[in-house]
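Each chain, letter by letter, is given below.
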Amino acid sequence: AQTVTQSQPEMSVQEAETVTLSCTYDTSESDYYLFWYKQPPSRQMILVIRQEAYKQQNATENRFSVNFQKAAKSFSLKISDSQLGDAAMYFCAYRRKETSGSRLTFGEGTQLTVNP
Amino acid sequence: DAGITQSPRHKVTETGTPVTLRCHQTENHRYMYWYRQDPGHGLRLIHYSYGVKDTDKGEVSDGYSVSRSKTEDFLLTLESATSSQTSVYFCAISDGARPTGELFFGEGSRLTVL
Chain A
1 AQTVTQSQPE MSVQEAETVT LSCTYDTSES DYYLFWYKQP PSRQMILVIR QEAYKQQNAT
61 ENRFSVNFQK AAKSFSLKIS DSQLGDAAMY FCAYRRKETS GSRLTFGEGT QLTVNP
Chain B
1 DAGITQSPRH KVTETGTPVT LRCHQTENHR YMYWYRQDPG HGLRLIHYSY GVKDTDKGEV
61 SDGYSVSRSK TEDFLLTLES ATSSQTSVYF CAISDGARPT GELFFGEGSR LTVL
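So the sequences go chain by chain: A and B.
Taking this note's numbering, the leading residue of the first sequence gets 1, the next gets one more, and so forth.
Taking this note's numbering, the leading residue of the second sequence gets 1, the next gets one more, and so forth.
These are computed hints drawn from the structure, not numbers from a lab.
Keep in mind that this is a model prediction, so the values were computed, not measured.
Don't take every hint at face value.
Said to hold, decoys possible - From the structure, some residues in chain B lie toward chain A, with a derived Cβ separation under 10 Å: (1) TYR31; (2) TYR33; (3) GLN37; (4) PRO39; (5) GLY40; (6) HIS41; (7) GLY42; (8) ARG44; (9) GLY58; (10) GLU59; (11) GLU102; (12) LEU103; (13) PHE104; (14) GLU107.
Claimed, not checked - Counterexamples of contact, computed for chain B against chain A with all Cβ distances above 10 Å: (15) THR5; (16) LYS11; (17) VAL12; (18) SER61; (19) ASP62; (20) ARG68; (21) GLN85.
As the list claims (entries may be wrong) - Computed cross-link-like contacts, EDC-like style, restricted to lysine to aspartate or glutamate with a CA-CA straight-line distance of at most 20 Å: (22) A:LYS97 <-> B:GLU102; (23) A:LYS97 <-> B:ASP95; (24) A:LYS97 <-> B:ASP56; (25) A:LYS55 <-> B:GLU102.
Beta carbons: idealized from backbone N, C-alpha and C, even for Gly.
Please take these sequences and the hints and turn them into a complete structure.
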């Protein structure tokens, strides 16, 4: 079974600084999706960024980028120029690609605090 | 935003009572999921559906049942609620035809079992 691990239960960053959230996963599959979801206090689950395993290029969405290390099974999220609105719980998630209806497997989450 | 509505959004009930949570979607997506969120565990899959009347268990299915009689509705039932089922429940949907892979989530239902 696939597992996803986020080893940092809490992180903090100063406004305008950069922070990196860590995620590792375990799978025997060769092609899959990885995601970072953001959950603000509103509880809504918001997709931040997506990576397909067969793509070597790291995904980027504005201030958010990932460092995808397939061999190491590592998928970290970098937030640049942190803003107060980035404060949230962040979840790393894995999904098999072969089966279109396959489930998402989540990590435990990292609570990010942004200090003004 | 994906059209997903969960009801009720908040519920307080007593141990031993039945509870049904409803997920309604307007996207005509084939796949629907129920997750629960607990501190330190992230989101864990309870049950999922891959079509009308087609459902399967997730990793924490004990004490829960589901039904899907229409594409748009996916019901989660706790036959006899226990305090360990106090949690926030999320419904999610996905369209197997999309190449992007993500799930879209409802706003969550907070259930408290006293």
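Now the hints, each set against the structure:
no.	hint	in the structure
1	TYR31	holds, 4 Å
2	TYR33	holds, 6 Å
3	GLN37	holds, 8 Å
4	PRO39	holds, 8 Å
5	GLY40	holds, 6 Å
6	HIS41	holds, 6 Å
7	GLY42	holds, 4 Å
8	ARG44	holds, 7 Å
9	GLY58	holds, 7 Å
10	GLU59	holds, 8 Å
11	GLU102	holds, 5 Å
12	LEU103	holds, 5 Å
13	PHE104	holds, 8 Å
14	GLU107	holds, 6 Å
15	THR5	holds, 13 Å
16	LYS11	holds, 15 Å
17	VAL12	holds, 17 Å
18	SER61	holds, 12 Å
19	ASP62	holds, 17 Å
20	ARG68	holds, 13 Å
21	GLN85	holds, 18 Å
22	A:LYS97 <-> B:GLU102	holds, 11 Å
23	A:LYS97 <-> B:ASP95	holds, 13 Å
24	A:LYS97 <-> B:ASP56	holds, 18 Å
25	A:LYS55 <-> B:GLU102	holds, 16 Å
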